[in-house]
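Peer 1: The residues making up each chain are set out below.
Number of protein chains: 2
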Amino acid sequence: MNAKERIPQVGVVVPFEANEAAESLKPLVELVRADMQAVNAIILDKAVSDVDLIPKLAHHLIDSGGKRLRPMLTIAAAKLCGYQGTGHVKLAASVEFMHTATLLHDDVVDESDFRRGKESARLVWGNQASVLVGDFLLGQAFRMMVDVGSLQALKILSDAAAIIAEGEVMQLAAAKNTATTEDDYLAIIDSKTAALFSAAAEVGAAISSRPQQERAALKSYGRNLGIAFQLIDDALDYSGDSARMGKSVGDDFREGKITLPVILCFRRGTEEERAFWTRTLADGEIRDDDLDNAIRLMKRHNAIEATIERARHYGDIARDALAIFGANPAARALTDVIGFCISRAN
Amino acid sequence: MNAKERIPQVGVVVPFEANEAAESLKPLVELVRADMQAVNAIILDKAVSDVDLIPKLAHHLIDSGGKRLRPMLTIAAAKLCGYQGTGHVKLAASVEFMHTATLLHDDVVDESDFRRGKESARLVWGNQASVLVGDFLLGQAFRMMVDVGSLQALKILSDAAAIIAEGEVMQLAAAKNTATTEDDYLAIIDSKTAALFSAAAEVGAAISSRPQQERAALKSYGRNLGIAFQLIDDALDYSGDSARMGKSVGDDFREGKITLPVILCFRRGTEEERAFWTRTLADGEIRDDDLDNAIRLMKRHNAIEATIERARHYGDIARDALAIFGANPAARALTDVIGFCISRAN
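If you're matching them up, the sequences are chains W and D in order. Residue numbers 19 to 364, in this note's numbering, belong to the letters of the first sequence in order. Residue numbers 19 to 364, in this note's numbering, belong to the letters of the second sequence in order.
It should be emphasised that the hints constitute simulated quantities derived from the structure, not laboratory data. Computed from a prediction, not measured in an experiment: that's the story for all the values here. Do not take every clue at face value.
Same chains, same names: a pair is fine if it fits in one copy or spans any two.
Here are the simulated BS3-like cross-link-like pairs (lysine-lysine), alpha carbons at most 25 Å apart as the crow flies [unchecked claim]:
hint: 1; residue 1: 173; residue 2: 136
hint: 2; residue 1: 74; residue 2: 317
hint: 3; residue 1: 194; residue 2: 85
hint: 4; residue 1: 74; residue 2: 44
hint: 5; residue 1: 194; residue 2: 44
hint: 6; residue 1: 74; residue 2: 275
hint: 7; residue 1: 74; residue 2: 194
hint: 8; residue 1: 136; residue 2: 317
hint: 9; residue 1: 44; residue 2: 275
hint: 10; residue 1: 44; residue 2: 173
hint: 11; residue 1: 85; residue 2: 136
hint: 12; residue 1: 194; residue 2: 173
hint: 13; residue 1: 173; residue 2: 275
hint: 14; residue 1: 136; residue 2: 275
hint: 15; residue 1: 85; residue 2: 317
hint: 16; residue 1: 85; residue 2: 74
hint: 17; residue 1: 317; residue 2: 44
hint: 18; residue 1: 275; residue 2: 194
hint: 19; residue 1: 317; residue 2: 173
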């Protein structure tokens, strides 16, 4: 019995709309096209199991048109460092599996009903299967890393796995706490989001045996890009344009998530406004027009613009981190990704 | 802020009662005593995080008096193979963390309220925290393995991680299905339980650079011991003595779990009896005296005795697997563990 035969081979990545954001991702997509085909083939191959439920559930998410931004970072970083082997492909697939496992567990933790514009796996197959298939994909990710055989890559990615989980627990502990500071929040996203971006870029250098400063540069690039990416994601959740990103506006609001736009609004607001945030996010008493109200407060306090400004700051750090590589197609493509992440909010 | 200072250092293993089962574990406990102190120290150290919730939740389970049987197997296998380094200690701690992570996720999946005689972590801190702290411990396990630096050990344990998750999904898919065959069931416990026993024993040989046949012998020993262990666990769930093992009688029954005693009863029973198993386990309609009824049916069909007999069969295979090592204290201690596992049911 070979489960592979029963799975339609539809693991293609949904193309971007031809907008500004997509334009700035184009150089990266072009740069990594051939290798990403190999990555996608491995992803399909390793999501297979004789246990039917595993490929079904895994493919529900894998086929749903994620950008595969993180594995593209690994491939591009390896190219930037002149890597000549084939290990970067398996490492990139491992990075995507780690990300997919995190999404499966996140949806259980957040009790999310939608992901990438369709029903979440936990809604279709239940929390139990989502937890276990997440565990399976994480196991497969480690198997692939071990196959590559670089202890340095293994160290980077296993560190990331623990740090991501730590960040998720931090976020859970901070949930509904409107007193969360901007620093607290940065620590959370540094762990839960930036750690994987950072590791994805750093492993590309680590397997290339390049000087330590190039590895450190890519680590810093990935980390700051990841922070910028998450901040823009937070901003999009309160902006009308986010529907086209496959995310519905107000998800974070309904889940009582304390993100930077909320933190800024809370601090910049009046007593009465703070009472509003406490009632809706901390106490979870949400009425029909509360999301509109929240968006109105965001506008009043320039919270979205300020969040995007903060994201630009981290984007700038990421850009400067790459400067040591000079001008070359891979460095340019990675630099353009920063623009892509920021311009998603425009 | 050092979370370690806030944790009482109570990670001691609860001593066994002086019964026959405990006696047969004694040689192993004696053999590994010094190394297990180091393992326990690492377990306490690596369950620490600045995120308060992580050590709190992790210690709830770590301090609750598990036997630490799996890490003891790793230490004993390394000793049996004459290993002289220190890597076995970290690998043993990794094995225990993998096990702990699995228990945390299992309790979420099974919606269990009790574990080792006290409230389950998910009941105290919620499903969300249990999923995430499980992920954290798995991440820490991989970090420790990477520290040891043996790619062979990494391969064995990452394979096990994926296979365990696969077994759990298999069990989920088979849940409440009274048509599960004995073969189906063996495939499930081979993955979900025996894979970690097997890996725990095999890594001890793998880091010792011993001939392939010794590694294969320990792998086979661990696997068959694990199957025997699980079968006895299944039998205990329908036997009055299981209270003293920190497990309440009837847990599997109430959760609708299809285990070997049930499979045998179902196949050996009348139409009317099969209807009983379908109503209680498949449909989940459990009335007050149904557990007593179930135990009565187990007795009528000798299902518990037959399950223990099956366990003895796998125990015999485990015993013969060790024969190539000849007579020495480590081999004897590992052989006695088989007796321990089986005699738990007496």
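Peer 1: Now tell me if each hint is right for this structure.
Peer 2: The hints, checked one at a time:
In the homo-oligomer, the alpha carbons of residue 173 and residue 136 never lie at most 25 Å apart, since the shortest distance is 35 Å inside one protomer and 36 Å across protomers. Taking CA atoms no more than 25 Å apart as the test, residue 74 paired with residue 317 passes in neither setting, with 42 Å inside one copy and 40 Å between copies. For the identical chains of this complex, residue 194 and residue 85 are neighbours neither inside a copy (30 Å) nor across copies (38 Å), given an alpha-carbon limit of 25 Å. Taking the closest pair of Cα atoms, residue 74 and residue 44 never come within 25 Å of each other, the shortest separation being 31 Å inside a single copy and 46 Å across copies.
Proximity of residue 194 and residue 44 under a CA criterion of 25 Å is satisfied in neither setting, with 38 Å inside one chain copy and 50 Å between copies. When the C-alpha separation of residue 74 and residue 275 is checked against a cutoff of 25 Å, the pair qualifies only between copies, where the shortest distance is 23 Å, while the shortest distance within a copy is 30 Å. Taking CA atoms no more than 25 Å apart as the test, residue 74 paired with residue 194 passes between copies only; the shortest distance there is 20 Å, against 34 Å inside one copy. For a Cα distance limit of 25 Å, the shortest separation of residue 136 from residue 317 qualifies neither inside one copy, at 29 Å, nor across copies, at 50 Å.
For the homomeric pair residue 44 and residue 275, neither the shortest alpha-carbon distance inside one copy (32 Å) nor that between copies (51 Å) is at most 25 Å. When the C-alpha separation of residue 44 and residue 173 is checked against a cutoff of 25 Å, the pair qualifies neither within a copy, at 31 Å, nor between copies, at 37 Å. In this assembly of identical chains, the alpha carbons of residue 85 and residue 136 lie at most 25 Å apart only when taken from the same copy (15 Å versus 44 Å across copies). In this homomeric assembly, residue 194 and residue 173 never come within 25 Å of each other (Cα to Cα): the closest approach is 34 Å inside a single copy and 41 Å across copies.
Neither within a single protomer nor between protomers do residue 173 and residue 275 lie at most 25 Å apart by alpha-carbon distance, with minima of 31 Å and 38 Å respectively. Proximity of residue 136 to residue 275 under the C-alpha cut-off of 25 Å is restricted to the intra-copy arrangement: shortest distance 21 Å within a copy versus 32 Å between copies. In this assembly of identical chains, residue 85 and residue 317 lie within 25 Å of each other by CA distance neither inside one copy nor across copies; the values are 29 Å within and 58 Å between. In this homomeric assembly, residue 85 and residue 74 come within 25 Å of each other (Cα to Cα) only inside a single copy, at 20 Å, whereas the closest approach across copies is 37 Å.
Taking identical chains as interchangeable, the C-alpha atoms of residue 317 and residue 44 are never at most 25 Å apart, the minima being 32 Å within one chain and 69 Å between chains. Taking the closest pair of Cα atoms, residue 275 and residue 194 come within 25 Å of each other only inside a single copy of the chain (6 Å); across copies the shortest separation is 37 Å, beyond that limit. Within a single copy, residue 317 and residue 173 get their C-alpha atoms no closer than 44 Å, and across copies no closer than 53 Å, so neither meets the 25 Å cut-off.
Consistency note: the structure conflicts with the earlier hints numbered 1, 2, 3, 4, 5, 8, 9, 10, 12, 13, 15, 17, 19.
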